[in-house]
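Starting from the known structure of chain A, fit chain B onto it as the hints suggest.
There are 2 protein chains.
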Amino acid sequence: MRYQLYYWPSIQGRGEFVRLALEDAAADYVDVARMSADDGMGVPALMRLLEAEGLEHPPFAPPFLKAADMLIGQTANILLYLGPRIGLGPKTERDRHWAHQLQLTVADLVAEVHDTHHPIASGLYYEDQKPEALRRAADFTRNRLPKYLRHFERARAANGFHSGYLVGNALSCADLSLFQVIEGLRYAFPQAMARVEPTFPGLLELHARVAARPRIAAYLASPRRLPFSEEGIFRHYPELDR
Amino acid sequence: MRYQLYYWPSIQGRGEFVRLALEDAAADYVDVARMSADDGMGVPALMRLLEAEGLEHPPFAPPFLKAADMLIGQTANILLYLGPRIGLGPKTERDRHWAHQLQLTVADLVAEVHDTHHPIASGLYYEDQKPEALRRAADFTRNRLPKYLRHFERARAANGFHSGYLVGNALSCADLSLFQVIEGLRYAFPQAMARVEPTFPGLLELHARVAARPRIAAYLASPRRLPFSEEGIFRHYPELDR
Numbered sequence: 001m002r003y004q005l006y007y008w009p010s011i012q013g014r015g016e017f018v019r020l021a022l023e024d025a026a027a028d029y030v031d032v033a034r035m036s037a038d039d040g041m042g043v044p045a046l047m048r049l050l051e052a053e054g055l056e057h058p059p060f061a062p063p064f065l066k067a068a069d070m071l072i073g074q075t076a077n078i079l080l081y082l083g084p085r086i087g088l089g090p091k092t093e094r095d096r097h098w099a100h101q102l103q104l105t106v107a108d109l110v111a112e113v114h115d116t117h118h119p120i121a122s123g124l125y126y127e128d129q130k131p132e133a134l135r136r137a138a139d140f141t142r143n144r145l146p147k148y149l150r151h152f153e154r155a156r157a158a159n160g161f162h163s164g165y166l167v168g169n170a171l172s173c174a175d176l177s178l179f180q181v182i183e184g185l186r187y188a189f190p191q192a193m194a195r196v197e198p199t200f201p202g203l204l205e206l207h208a209r210v211a212a213r214p215r216i217a218a219y220l221a222s223p224r225r226l227p228f229s230e231e232g233i234f235r236h237y238p239e240l241d242r
Numbered sequence: 243m244r245y246q247l248y249y250w251p252s253i254q255g256r257g258e259f260v261r262l263a264l265e266d267a268a269a270d271y272v273d274v275a276r277m278s279a280d281d282g283m284g285v286p287a288l289m290r291l292l293e294a295e296g297l298e299h300p301p302f303a304p305p306f307l308k309a310a311d312m313l314i315g316q317t318a319n320i321l322l323y324l325g326p327r328i329g330l331g332p333k334t335e336r337d338r339h340w341a342h343q344l345q346l347t348v349a350d351l352v353a354e355v356h357d358t359h360h361p362i363a364s365g366l367y368y369e370d371q372k373p374e375a376l377r378r379a380a381d382f383t384r385n386r387l388p389k390y391l392r393h394f395e396r397a398r399a400a401n402g403f404h405s406g407y408l409v410g411n412a413l414s415c416a417d418l419s420l421f422q423v424i425e426g427l428r429y430a431f432p433q434a435m436a437r438v439e440p441t442f443p444g445l446l447e448l449h450a451r452v453a454a455r456p457r458i459a460a461y462l463a464s465p466r467r468l469p470f471s472e473e474g475i476f477r478h479y480p481e482l483d484r
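Here the protein sequences come in this chain order: A and B. Sequential numbering of the first sequence, starting at 1, is according to my numbering. Sequential numbering of the second sequence, starting at 243, is according to my numbering.
These aren't lab readings, by the way, just hints derived from the structure by calculation. Hints are all accurate, no fakes.
Here are the simulated SDA-like cross-link-like pairs (lysine to any residue), alpha carbons at most 20 angstroms apart as the crow flies:
| id | chain 1 | residue 1 | chain 2 | residue 2 |
| --- | --- | --- | --- | --- |
| 1 | A | K147 | B | H356 |
| 2 | B | K308 | A | R94 |
| 3 | A | K66 | B | G402 |
| 4 | A | K66 | B | R336 |
| 5 | B | K372 | A | R135 |
| 6 | A | K91 | B | M312 |
| 7 | A | K147 | B | L366 |
| 8 | B | K389 | A | E51 |
| 9 | B | K333 | A | A68 |
| 10 | B | K333 | A | D69 |
| 11 | B | K389 | A | L49 |
| 12 | B | K308 | A | E93 |
| 13 | B | K308 | A | D95 |
| 14 | B | K389 | A | A121 |
| 15 | B | K333 | A | E56 |
| 16 | B | K372 | A | P131 |
| 17 | A | K147 | B | S364 |
| 18 | B | K308 | A | G160 |
| 19 | A | K66 | B | T334 |
| 20 | A | K91 | B | H299 |
| 21 | B | K308 | A | N159 |
| 22 | A | K130 | B | R377 |
| 23 | A | K130 | A | I233 |
| 24 | A | K147 | B | G296 |
| 25 | B | K372 | A | D128 |
| 26 | B | K389 | A | H57 |
| 27 | A | K66 | B | D337 |
| 28 | B | K333 | A | P84 |
| 29 | A | K66 | B | A400 |
| 30 | B | K372 | A | L134 |
| 31 | A | K91 | B | A310 |
| 32 | A | K147 | B | L292 |
| 33 | A | K147 | B | A363 |
| 34 | B | K389 | A | L55 |
| 35 | A | K147 | B | L291 |
| 36 | A | K147 | B | E298 |
| 37 | A | K147 | B | H360 |
| 38 | B | K372 | A | A138 |
| 39 | A | K66 | B | E335 |
Pulled out of the complex, with its shape left as it was, chain A reads as follows (with noise of 0.2 angstroms):
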């Protein structure tokens, strides 16, 4: 099975998460908008599947991954679809809407992210709302990312198989995600991240483990993994980063 992810080419963004579990599984996939659109990928084929007429399935934004006949929006929607199918899923029912759950908090938390820099509308610049930027990103480091990182860190802790892992005793997608979210958010807001990280050495153990996993060490030391930029949704504004 060739999975076809559909993203922007550009950044990491949402659906970075697909393609760390693609990578991290050495799944078959062509991430489509990055292709030449002179072999009828690229941006183009995105657009095309973006406003077709006549779809049974219409995505509501990217990231959309096109299976055999199925064609699955909504990043935490397409994980839990390729889970199991590429071995990333819980074995148990229980433990899939248990990694589903703490996948959908990590979507929340990654709203709120994107929100920091556009608090206002995201059809409009970042300079064009920074000062409710400010107010925003204020809130962001001193409530809500302690708050998120500290159910992530318990929620670790709670796994009754102490191994390591968020669920049961092996890595799911969740953990991928975690990782990455732990990654951009070093990137968008250094200093937050330098004096709230030590609280949470779970993360970090979590995130330094994802990080020696050889095909996301390659996949992250390869030219398919795209930079962090002011472009994506984890941003480094320094007037934010408090």
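Below, chain B alone, put in the same frame as chain A:
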């Protein structure tokens, strides 16, 4: 199976999406925090679970659902679990992922509605972020609201069964949730909704169809249905309704 729903007792909020599903299915459930603290329930029971040490699957925030040996959080995740058990889940995996995708897009919309009155910090009062709320709400009613409703109208029209429901040929949790969103939007933004609603006849038909379901009609007329208010997610502040 008696389900135990944990949610704030005085608002519809995110818990209402779960209540509507349980009510439509005539499921056996207890709305724990609305029962008496003298009987070991009420808000104290909710807070105990929210703050308990040693929980295997600690929730981040209400709502959460107890079902046999499971404790499930995140609204969309609760509905993903409940749907097939109470006759509101699509039968095929393909349709289940599509219904869940729509449910997650409803969740995104609800989060944006919340942020129209709390664009800076959920821990501050509306009055402390009113200038920002005016800007954010203006963008919401002008851009985001029509974009979301257009998506759901398109999704309903794309259903190959032409059943009038969002997914397949039967009602699912996504239909009930979209009904609730339209109710909430009409409460919070009556002027903006009066302007955009006529553009989405399919959603209006779906809304009317859900409202006419006997158990939903009975629920809406009962004291179990809490009123909308300025404590919930959908709040009517006339100055934000442009």
